[in-house]
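Keeping the supplied structure of chain D fixed, place chain V upon it in accordance with the hints.
So the sequence lines, in the order shown, correspond to chains D and V.
Last residue of the first sequence? That's 399 in this note's numbering, and every number before it is there in order.
Last residue of the second sequence? That's 523 in this note's numbering, and every number before it is there in order.
These are computed hints drawn from the structure, not numbers from a lab.
Careful: at least some of the hints might be erroneous.
[As the list claims (entries may be wrong)] Under the rule of at most 30 Å between Cα atoms (straight-line distance), these lysine-lysine pairs were calculated in the DSSO-like manner:
no.	chain 1	residue 1	chain 2	residue 2
1	D	Lys28	V	Lys201
2	V	Lys210	V	Lys45
3	D	Lys50	D	Lys196
4	D	Lys22	V	Lys33
5	D	Lys22	V	Lys514
6	V	Lys224	V	Lys201
7	D	Lys225	D	Lys99
8	V	Lys210	D	Lys28
9	D	Lys78	D	Lys379
10	V	Lys224	D	Lys22
11	V	Lys210	V	Lys32
12	D	Lys225	V	Lys514
13	V	Lys514	D	Lys28
14	D	Lys374	D	Lys22
[Claimed, not checked] Simulated restraints on C-beta separations:
no.	chain 1	residue 1	chain 2	residue 2	range
15	V	Lys210	D	Val136	47 to 57 Å
16	D	Leu366	V	Glu345	45 to 55 Å
17	V	Glu345	D	Asp180	20 to 30 Å
18	D	Phe328	V	Lys224	42 to 52 Å
[Unchecked claim] Computed footprint of chain V on chain D, listed as stretches where at least three residues anywhere in the stretch have a Cβ under 8 Å from a Cβ of chain V:
no.	region
19	28-39
20	123-129
21	146-152
22	291-303
From the three backbone atoms N, C-alpha and C, an ideal C-beta is built for every residue, glycine too.
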Amino acid sequence: MQKEIINQKQAIVLMVTFIMGSGTIVGTGDKSGQDIWIALLIAMAGASIIMAVYARIIKLFPGMDLFDLLDKLFGRILGKFIALIFTWYLFHVGLNLIRNTSEFIRIISLDATPQCVIALFTGVLIAYALRCGIEVIGRWVSIFFPVIIVISITLSVIAVDMYDFDRLKPVLYEGLKPVLSDAFGIFAHPFAETVVFLGIAGCFQKQSNPHKIFNIALLIGGLYMLMLAVRTIALMGPVNKSLQMFPPYITARIIKIGDFFQRIELINAVIIVTAVFTKVTVYMFSFAKGMSYLLKIDDYRTLSTPLVFFTAAYSIFLFDNALFMVKWALNVFPYYAIPFEIIIPLLVWIAAEIKARNDKKTTSQNQSTNSSGSNAGMQC
Amino acid sequence: MPKHKNSLPTVSISNKKIIMLKSLEDNLKQFEDIFQGDDSFMARHFACVRKNKSLKFCLLYLDGMVDAAILDNSIIKPIINAHLPDDCEANADIIINQVIFSHYAKKSQESDELLSAIIMGDSVLLIENCYDAVIVSSKGWKSRTPSEPEGEKLIRGPREGFVEPILDNLALIRRRLATPDLKYKEMTIGVETKTKIGIVYIEGIANKQILAELIERINKVEIDGMVLAGSLAELIQDAPYSPFETIGFTERPDVAVADLLEGRIIVLVDGTPITMTLPYLFEKFFQSGDDYSLNYLFSSFSRLLRMISFWLTITAPAIYVALTTYHQEMIPTALLMSILAAREGVPFPTIVETVGLLVIFEILREAGTRMPISLSNALSILGALVLGTAAVEAKIVSATVITVVALTGLTGLMTQRIKAPIVVIRTALTLLAGFMGLYGILYGIIFVTLHMCSIRSFGVPYMMEFTSLNPGDLRDTALRAPIWFLRHRPKLVSSSNKTRQANRLGQ
Numbered sequence: 020m021q022k023e024i025i026n027q028k029q030a031i032v033l034m035v036t037f038i039m040g041s042g043t044i045v046g047t048g049d050k051s052g053q054d055i056w057i058a059l060l061i062a063m064a065g066a067s068i069i070m071a072v073y074a075r076i077i078k079l080f081p082g083m084d085l086f087d088l089l090d091k092l093f094g095r096i097l098g099k100f101i102a103l104i105f106t107w108y109l110f111h112v113g114l115n116l117i118r119n120t121s122e123f124i125r126i127i128s129l130d131a132t133p134q135c136v137i138a139l140f141t142g143v144l145i146a147y148a149l150r151c152g153i154e155v156i157g158r159w160v161s162i163f164f165p166v167i168i169v170i171s172i173t174l175s176v177i178a179v180d181m182y183d184f185d186r187l188k189p190v191l192y193e194g195l196k197p198v199l200s201d202a203f204g205i206f207a208h209p210f211a212e213t214v215v216f217l218g219i220a221g222c223f224q225k226q227s228n229p230h231k232i233f234n235i236a237l238l239i240g241g242l243y244m245l246m247l248a249v250r251t252i253a254l255m256g257p258v259n260k261s262l263q264m265f266p267p268y269i270t271a272r273i274i275k276i277g278d279f280f281q282r283i284e285l286i287n288a289v290i291i292v293t294a295v296f297t298k299v300t301v302y303m304f305s306f307a308k309g310m311s312y313l314l315k316i317d318d319y320r321t322l323s324t325p326l327v328f329f330t331a332a333y334s335i336f337l338f339d340n341a342l343f344m345v346k347w348a349l350n351v352f353p354y355y356a357i358p359f360e361i362i363i364p365l366l367v368w369i370a371a372e373i374k375a376r377n378d379k380k381t382t383s384q385n386q387s388t389n390s391s392g393s394n395a396g397m398q399c
Numbered sequence: 017m018p019k020h021k022n023s024l025p026t027v028s029i030s031n032k033k034i035i036m037l038k039s040l041e042d043n044l045k046q047f048e049d050i051f052q053g054d055d056s057f058m059a060r061h062f063a064c065v066r067k068n069k070s071l072k073f074c075l076l077y078l079d080g081m082v083d084a085a086i087l088d089n090s091i092i093k094p095i096i097n098a099h100l101p102d103d104c105e106a107n108a109d110i111i112i113n114q115v116i117f118s119h120y121a122k123k124s125q126e127s128d129e130l131l132s133a134i135i136m137g138d139s140v141l142l143i144e145n146c147y148d149a150v151i152v153s154s155k156g157w158k159s160r161t162p163s164e165p166e167g168e169k170l171i172r173g174p175r176e177g178f179v180e181p182i183l184d185n186l187a188l189i190r191r192r193l194a195t196p197d198l199k200y201k202e203m204t205i206g207v208e209t210k211t212k213i214g215i216v217y218i219e220g221i222a223n224k225q226i227l228a229e230l231i232e233r234i235n236k237v238e239i240d241g242m243v244l245a246g247s248l249a250e251l252i253q254d255a256p257y258s259p260f261e262t263i264g265f266t267e268r269p270d271v272a273v274a275d276l277l278e279g280r281i282i283v284l285v286d287g288t289p290i291t292m293t294l295p296y297l298f299e300k301f302f303q304s305g306d307d308y309s310l311n312y313l314f315s316s317f318s319r320l321l322r323m324i325s326f327w328l329t330i331t332a333p334a335i336y337v338a339l340t341t342y343h344q345e346m347i348p349t350a351l352l353m354s355i356l357a358a359r360e361g362v363p364f365p366t367i368v369e370t371v372g373l374l375v376i377f378e379i380l381r382e383a384g385t386r387m388p389i390s391l392s393n394a395l396s397i398l399g400a401l402v403l404g405t406a407a408v409e410a411k412i413v414s415a416t417v418i419t420v421v422a423l424t425g426l427t428g429l430m431t432q433r434i435k436a437p438i439v440v441i442r443t444a445l446t447l448l449a450g451f452m453g454l455y456g457i458l459y460g461i462i463f464v465t466l467h468m469c470s471i472r473s474f475g476v477p478y479m480m481e482f483t484s485l486n487p488g489d490l491r492d493t494a495l496r497a498p499i500w501f502l503r504h505r506p507k508l509v510s511s512s513n514k515t516r517q518a519n520r521l522g523q
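The following block holds chain D by itself, in its conformation from the complex (with noise of 0.2 Å):
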């Protein structure tokens, strides 16, 4: 099987379009109200903090992803098991997002239509993308990439009389707790779900930065979020926004030119379904590498139709209800998430740090064996 890569803008792309991905449903967070931008932006410091610990972690072992690493740092049996439980949070976050995009489109516009439907739907797209491979994927994100750019920013734009910004004021009239536990939600999600990409950075370009790629998609993925956030407050204000099941949608609602434009959300629609879709893309892809890992299967397309299924059907059962989701996502997410995405990189870091120094040490054979690993394909 000819080994599967994408280039540094694609990886970026892919990486933005990532974080675009959830924060387009459920929304930010409503403790810190109007001071939303601020939580973004030390949410945003915090996770430059952490994405560098997993640049650092590609940037050792480049050509490898996250379970081959397992194994060569941890060992046969400890670093199976650890690639058992991150790959559960793989799984579980992956149930959650088509979760989250069958329970919308079901709330926003087919109310009558069966969630399984729209679940089955998903998984057939999904399961279509991960037999394409992430290359495949890679070069579909980069059409879609500027069509949601595009379409985001027209929204913010014709939207500008509308504004106002007075909605933003006052700054910090709560204190900064509030504001600094949803910079922990934020942080924690999307930003620190990046930890994803270490189980597919084997498919990233030998010659790409891995640092740049995690920078610069956190400076445009972030900025995104802000326009987002500082859109949606300054269009309804955060007590709307706090009765909104998904805020960012429902502001397009708002949005009107002429007598003829109007009720324009469901473009908003694109770009949720697409941005979603890429980020369950990444998560499943991820999640069918670890699967084959465990199961020691060499091509992780054999697994991966049947894992969609699975969780697209057992999606279906994951919560009584829509606000049970919400709920979930917004409050208990942040804290499940923090083995997962702080703890077993930073442990997964130090171990290579370790042998990587060990490595140098002894023979510099080691990396020429390591980085004859990938040959490079045709590339666009």
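Chain V alone, transformed into the frame defined by chain D:
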């Protein structure tokens, strides 16, 4: 025809062979046996009389395939009038070197060579007391003169199009490309038809890997006959199950030459004016030869228009179904009112109405494509009056749906070359819209774009130019930048030689 049990899955051909003997009569008998039942097979006996004896000859040819004047003046006349030395033995070399007036004459004993020469319109000269026969070129079948292809008209282009004979087509290309680097590799396909396939490329510009891959794929083809370029393309192209074509077709030598200069490879198939060009990427569907001769702003506009048409023709009916079925809130109130008024009294659900009319439109199109011109009036009356006006007045379909389908059809005609994918995708999207509204369309489009991204044409990603994230790569895809910006050949398609023009911008 006897079949060999041990032979591989195969298309077998007559295994009769000719073994050249000394006697003219014996040789002639063998040829007559093989061409038995073919009344156009001719054997003309004549002799060159010398002082004491006469040397007998026999000329074999297929009537209608040869040019009679060549036989008369270049073969028969010189031989009868020949003044050969008396002691001369019958010798093919002497005949070729001293007697025959022809640019191509060759002695041979090979059965296959002799037979195919006769079949292709050359003539074979048998000589008394000689083991060799002489093949003389005398092809004389008619071909039409190059005329502008109906399907690919240009406003400011040459009025020439490819014709059927493969070498005429090569000549049409070569006249425009005066370089010895233009290479022509001939292969044959088809056990019965022995169709000539010509691979044309410019050495140093065409990608060698792609060329090797192409030759390998053509060699793998084992088939009884190859009549059309399209069927060869289907046998050798990537993603054969996909509706998207990864090999392009053109009837214009100027387009073929432009493709060659970009590093693409042209495949000529004997007997058809359609030539293949490869690798063929998605943006090629939207390019026309005229784009490069008209103003660049206008060309860019036309290209954008074609792309918008492509998306409109696959999504317009689907969006109509989705909006009227699921998302009425998105339609401005005034428009919604008129749609509702038009739909009043129509018994079918929107999705049935739309899909039904789409099918009817395709029927009209198919009927019109291969119909004599004299019937076209009847078709337009049926289509426009009966199906259009009368159906609306009888409240079978609503006027809005007719408008939407007409828009779909019109934009579809604009992007005629992508017909197959358009029909498939449009139908699928319309059905998906009936299931899941705009989300169905979105899922469908994501599926289609994923599929398009996964295709390659001879190793080159199909959507390469659109997925590069480098705005500069759009200069000859979505837009057509002024010619002096198009300094480079497309990546991966061509080999290392990338620069097309001297640098005029000082970049």
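Consistency of the hints with the structure:
no.	hint	result
1	D:Lys28 to V:Lys201	violated (40 Å)
2	V:Lys210 to V:Lys45	holds (25 Å)
3	D:Lys50 to D:Lys196	holds (9 Å)
4	D:Lys22 to V:Lys33	violated (52 Å)
5	D:Lys22 to V:Lys514	holds (27 Å)
6	V:Lys224 to V:Lys201	holds (13 Å)
7	D:Lys225 to D:Lys99	holds (26 Å)
8	V:Lys210 to D:Lys28	violated (49 Å)
9	D:Lys78 to D:Lys379	holds (15 Å)
10	V:Lys224 to D:Lys22	holds (23 Å)
11	V:Lys210 to V:Lys32	holds (16 Å)
12	D:Lys225 to V:Lys514	holds (25 Å)
13	V:Lys514 to D:Lys28	holds (23 Å)
14	D:Lys374 to D:Lys22	holds (25 Å)
15	V:Lys210 to D:Val136: 47 to 57 Å	holds (56 Å)
16	D:Leu366 to V:Glu345: 45 to 55 Å	holds (51 Å)
17	V:Glu345 to D:Asp180: 20 to 30 Å	holds (23 Å)
18	D:Phe328 to V:Lys224: 42 to 52 Å	holds (44 Å)
19	28-39	holds (count 3)
20	123-129	holds (count 3)
21	146-152	holds (count 4)
22	291-303	holds (count 3)
When each numbered hint is compared with the structure, violations occur for hints 1, 4 and 8.
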